[in-house]
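Same order as they appear, the protein sequences are chains A and B. Counting from 1, position 32 in the first sequence corresponds to residue 32 in this note's numbering; the numbering is continuous, with no gaps. For this note's numbering, count along the second sequence from 1 and bump the result up by 159.
These are computed hints drawn from the structure, not numbers from a lab. It is possible that part of the hints are untrue.
[What the hints assert, rightly or not] Result set (SDA-like, lysine to any residue): computed pairs, CA atoms no more than 20 Å apart in a straight line:
#, chain 1, residue 1, chain 2, residue 2
1, A, Lys41, B, Ser833
2, B, Lys374, A, Thr80
3, A, Lys41, B, Leu840
4, B, Lys416, A, Pro17
5, B, Lys785, A, Asp125
6, B, Lys785, A, Thr121
7, B, Lys374, A, His76
8, A, Lys41, B, Arg449
9, A, Lys92, B, Trp252
10, B, Lys374, A, Ala79
11, B, Lys374, A, Leu91
12, B, Lys451, A, Pro18
13, A, Lys41, B, Ser450
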Amino acid sequence: MPYRLNINGTSRRVDVPPDMPLLWVLRDELGLVGTKYGCGKGLCGACTVHVDGAARRSCQLPVSSVGQAKIHTIEHIGATAIGARLQQAWLKIDVMQCGYCQAGQIMSACALLGQTPQPNTEQIDSAMAGNICRCGCYNRIRSAIRIAAGVEEEADRVA
Amino acid sequence: MSHENTAADPTRRTVLKASLLAGGGLALDALIPLPAAVLDAMERKTVAPAQLSAFVSIAPDGTVTIVSKNPEIGQGVKTSLPMMVADELDCDWSQVRIAQADVDQKRYGEQSAGGSTATPKNWLPMRQTGAAARAMLVQAAAMRWHVDAGELSTAKGRIFHRATGRSVSYGKVASLAATLAPPDLETVPLKQPGQFTIIGRPLVGIDSARIVEGKPIFGIDTRLPGMLYAVYEVAPAHGGRLVKADIEAARLSLGVKHVVPIIGNGDADTGLADGVAIVASNWWLANQARSKLAVDWDLSAAKGHSSSVYRAKADAAMAAGAGTDLRRDGEPEAQLASSAKRISARYDYPFIAHATIEPQNCTARYQEGRLEIWAPSQTPQRGLETLHNALGIAPDAVTLHLRRAGGGFGRRLMNDYMVQVAAIAKAVPGVPVQLIWSREDDIRRDYYRPGGWHSFEAGIGANGDLVAFSDHFVTFGDGKTPARAAGFNVAMPPAGLIQHLHYSQTMLPTVVTTGALRAPGSNALCFASQSFLDEVALAAGTDLPQLMLSLLGERREIAAPDNRAPSFDTGRARDVVERVLQTSRWTQRPTERGRAKGFAFYFSHRGYFAEVVEASVSSADVTVHKVWVAGDVGSQIVNPMGAENQVRGAVIDGLAQALTGQAIEFIDGAVQQSNFHDFPLARIPMTPEIEIAWVKSDKPPTGLGEPALPPVIPALTNAIFAATGTRIRSLPVRLRTT
Numbered sequence: 001m002p003y004r005l006n007i008n009g010t011s012r013r014v015d016v017p018p019d020m021p022l023l024w025v026l027r028d029e030l031g032l033v034g035t036k037y038g039c040g041k042g043l044c045g046a047c048t049v050h051v052d053g054a055a056r057r058s059c060q061l062p063v064s065s066v067g068q069a070k071i072h073t074i075e076h077i078g079a080t081a082i083g084a085r086l087q088q089a090w091l092k093i094d095v096m097q098c099g100y101c102q103a104g105q106i107m108s109a110c111a112l113l114g115q116t117p118q119p120n121t122e123q124i125d126s127a128m129a130g131n132i133c134r135c136g137c138y139n140r141i142r143s144a145i146r147i148a149a150g151v152e153e154e155a156d157r158v159a
Numbered sequence: 160m161s162h163e164n165t166a167a168d169p170t171r172r173t174v175l176k177a178s179l180l181a182g183g184g185l186a187l188d189a190l191i192p193l194p195a196a197v198l199d200a201m202e203r204k205t206v207a208p209a210q211l212s213a214f215v216s217i218a219p220d221g222t223v224t225i226v227s228k229n230p231e232i233g234q235g236v237k238t239s240l241p242m243m244v245a246d247e248l249d250c251d252w253s254q255v256r257i258a259q260a261d262v263d264q265k266r267y268g269e270q271s272a273g274g275s276t277a278t279p280k281n282w283l284p285m286r287q288t289g290a291a292a293r294a295m296l297v298q299a300a301a302m303r304w305h306v307d308a309g310e311l312s313t314a315k316g317r318i319f320h321r322a323t324g325r326s327v328s329y330g331k332v333a334s335l336a337a338t339l340a341p342p343d344l345e346t347v348p349l350k351q352p353g354q355f356t357i358i359g360r361p362l363v364g365i366d367s368a369r370i371v372e373g374k375p376i377f378g379i380d381t382r383l384p385g386m387l388y389a390v391y392e393v394a395p396a397h398g399g400r401l402v403k404a405d406i407e408a409a410r411l412s413l414g415v416k417h418v419v420p421i422i423g424n425g426d427a428d429t430g431l432a433d434g435v436a437i438v439a440s441n442w443w444l445a446n447q448a449r450s451k452l453a454v455d456w457d458l459s460a461a462k463g464h465s466s467s468v469y470r471a472k473a474d475a476a477m478a479a480g481a482g483t484d485l486r487r488d489g490e491p492e493a494q495l496a497s498s499a500k501r502i503s504a505r506y507d508y509p510f511i512a513h514a515t516i517e518p519q520n521c522t523a524r525y526q527e528g529r530l531e532i533w534a535p536s537q538t539p540q541r542g543l544e545t546l547h548n549a550l551g552i553a554p555d556a557v558t559l560h561l562r563r564a565g566g567g568f569g570r571r572l573m574n575d576y577m578v579q580v581a582a583i584a585k586a587v588p589g590v591p592v593q594l595i596w597s598r599e600d601d602i603r604r605d606y607y608r609p610g611g612w613h614s615f616e617a618g619i620g621a622n623g624d625l626v627a628f629s630d631h632f633v634t635f636g637d638g639k640t641p642a643r644a645a646g647f648n649v650a651m652p653p654a655g656l657i658q659h660l661h662y663s664q665t666m667l668p669t670v671v672t673t674g675a676l677r678a679p680g681s682n683a684l685c686f687a688s689q690s691f692l693d694e695v696a697l698a699a700g701t702d703l704p705q706l707m708l709s710l711l712g713e714r715r716e717i718a719a720p721d722n723r724a725p726s727f728d729t730g731r732a733r734d735v736v737e738r739v740l741q742t743s744r745w746t747q748r749p750t751e752r753g754r755a756k757g758f759a760f761y762f763s764h765r766g767y768f769a770e771v772v773e774a775s776v777s778s779a780d781v782t783v784h785k786v787w788v789a790g791d792v793g794s795q796i797v798n799p800m801g802a803e804n805q806v807r808g809a810v811i812d813g814l815a816q817a818l819t820g821q822a823i824e825f826i827d828g829a830v831q832q833s834n835f836h837d838f839p840l841a842r843i844p845m846t847p848e849i850e851i852a853w854v855k856s857d858k859p860p861t862g863l864g865e866p867a868l869p870p871v872i873p874a875l876t877n878a879i880f881a882a883t884g885t886r887i888r889s890l891p892v893r894l895r896t897t
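Chain A with its partners taken away, still in its complex shape (with noise of 0.2 Å):
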């Protein structure tokens, strides 16, 4: 089936079966390899989009279902303010250890930031239960989820 989708500002055409989950669309017809496949059942978050400015788990979207909303995955999240404040505070204390699963990290805490710009710690581990860190990088997605909302200034005591 063809279908235009509105990914990152720009319309791009697929043709793929209806239920094909927006994840594969993104990485093996796309070439959009930022956005990580981790379990297929919207178990873990390595494959976080945003569906009109809301997190949602591209391994459970089927292609069918997203009509003409706007997509941005993790390629395109610089280019917004919250994006490149988030990535800046990622590197300020270096979060990751094998990253793999950063790229989901870093599009769940956008949106936790769009909807709640200075978010307690009560809140961040709300919005990111769904966001699973294999390296166990948790104690610093905190800490740069506070740095990048203004309400954290230095790093988790990192020496």
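Based on these hints, arrange chain B on the given structure of chain A.
Just chain B, lined up with the frame of chain A:
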């Protein structure tokens, strides 16, 4: 500057080769034999007298390019090893570019990520290479200025002659330096620790900027023109063999290009498992077509390989008394029998999966007898051997590119996915193929941390001393050799610290593939032994840290029983125990009901770690409030930014193993878990505050991928006992009685 002492061994001469970089500049190829002193501290059995090669080049514009030879799996070596080179080169970190090396044993020596070994193995050679390059640049400047090299100093990639106020950048003299004979690496002057300008600074990972932008960098991101995507359907139970496959329906499925039944080499453990490959234009389409396969599998080998059967056999083995002797010191039976107080307990822990967040994947193209591979592997060189053994493809017919791995934890020490994609690529010559395992494949076909059982007994003297100790370990193996990563450690405390001790073992056969998982052996042995020693301490009227300090006794080095493993320094152990007691204010117990602290210590992978967990238990839910870590990994933390992340990650990993319910279970060889709903990982809400204290000893720096993990589990379970009176003798922790 000092000359760091390295054993002078004429058979281990260093070969440095300088050449002119294309377009001008210095290229330094260094074939550096590992110094004997370093080698001796390693597992001599497994480390070949391989040559380590580093490659440094300095372009006319001053850009320094350092080749990173080892796989990057999130442990930070792609940043920390070049930091060692750059510091001795005395350049500015902003001048440094890092290039990931392909796999090339002749050129780079050992290229692997495992056992927390990269730091100790490379600490000296990397620095020597940087120092040699610096010495050549200084010599070149001295020649140009007609002054003595001894009058020159360096900083941030420039050479200074103070007497005349002249200075020149490295880039300007790099081409001249390329004409000089390289110095002897054994005697090239090295910096004193106080002179480091890059080592010891918290630096951001070299790939981090690309990661936050979603740039293609991982194995799974590899894209080649005309590439197809593959899944590999294997038997539903471990040890299964392919009998017959009806592939027609799958072949007609949308997007499917090829369906290829593959008969392996009969060795699913170290070679190629039987399976059916589906190759399609899109991975999801390949995976969808799996449901259309009709395959007959011979699962007879897996019959009876069930968790409940293993448990019953282990119980029977423990009830029968001791196993086969592993270590016997003094008169353990007599001393146990005559001790004033005698306690015993059984402990067990399950199989667990690695669950790297990037599923196993690999990309390959086979063309005209040559194989090109893009792999996120921890042991790519061993992968070449596996390809040779399983598929008959000679190593010199393979080009192997290393890709960043989305987590390792020991899973990618095995190269099963590499040999699978090679077999598939060989079946569709000329077509690049990317094999991706679904998460279900990944959970069900791991090389699991094997489960195990311990039957402990301890004898306590009238004065409260631990006088005798025994452990009957029930593990997996063929009766002669334990399965991979299923062996015991005969140096496990209190061995070597008391006179009367007995360690014995019974092996159960298994068809399940097992392997090393972060701090292999130690991650399980520490839980069992430090928990039981907590019981011993309480029975003796003391607490575990005091018992450990009294067992450790005077500062001394205890050689490993087989002399192959690193020796154990009781002084370094004491120091981390004492430090964590201070930082955690151990003697100040929480007053809140149901809240308490627990302690544990362990020595693994050359690192000494003592940890305290403060946890509370409320209606069977465990909350970890804070973890204090004191660790000694030598004189120098190379990159504190990465080092702290390794420790925090290890702590959270251990807490997840204990608290999220992680257990892999089998029924007739079929794994019952499949994804993160039934094999959970840590999530952000369970993350405690983690306070890290480094105890700096005068020993060379060692690795951090593993040793911080083992103590956190018994520190947690000991805290749960202190909080509730319930002793956790089985992992994962289950407090709810349903």
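Hint check results:
1. A threshold of 20 Å between alpha carbons decides the hint, and for Lys41/A with Ser833/B the separation of about 11 Å falls inside it, so the pair holds.
2. Between Lys374/B and Thr80/A, the direct Cα distance comes to roughly 17 Å. Compliance with the 20 Å bound is thereby established for this hinted pair.
3. Only pairs whose Cα atoms come within 20 Å are accepted, and Lys41/A paired with Leu840/B is accepted, the gap being roughly 14 Å.
4. Among the hinted pairs, Lys416/B with Pro17/A is consistent with the structure: their alpha-carbon atoms are about 16 Å apart, no more than 20 Å.
5. The hinted pair formed by Lys785/B and Asp125/A meets the criterion: a straight-line CA distance of about 16 Å does not exceed 20 Å.
6. Proposed proximity of Lys785/B and Thr121/A is supported: the alpha carbons are some 15 Å apart, at most 20 Å.
7. Distance restraint check for Lys374/B and His76/A: the Cα-Cα separation of roughly 11 Å lies within the 20 Å cut-off, and the hinted pair is therefore satisfied.
8. Among the hinted pairs, Lys41/A with Arg449/B is consistent with the structure: their alpha-carbon atoms are about 17 Å apart, no more than 20 Å.
9. Proximity of Lys92/A to Trp252/B is assessed by CA-CA distance (about 16 Å); at most 20 Å being required, the pair is judged to hold.
10. Taking the CA atoms of Lys374/B and Ala79/A, the gap is near 15 Å; set against the 20 Å cutoff, the hint holds.
11. Under the criterion of a C-alpha separation no larger than 20 Å, the hint pairing Lys374/B with Leu91/A is consistent with the structure, at around 15 Å.
12. Pair hint Lys451/B plus Pro18/A holds up; C-alpha atoms about 19 Å apart against a cutoff of 20 Å.
13. Between the alpha carbons of Lys41/A and Ser450/B the distance comes to roughly 17 Å, so the proposed pair stays at or under 20 Å and holds.
Figure legend: structure checked against the earlier numbered hints; every hint is met.
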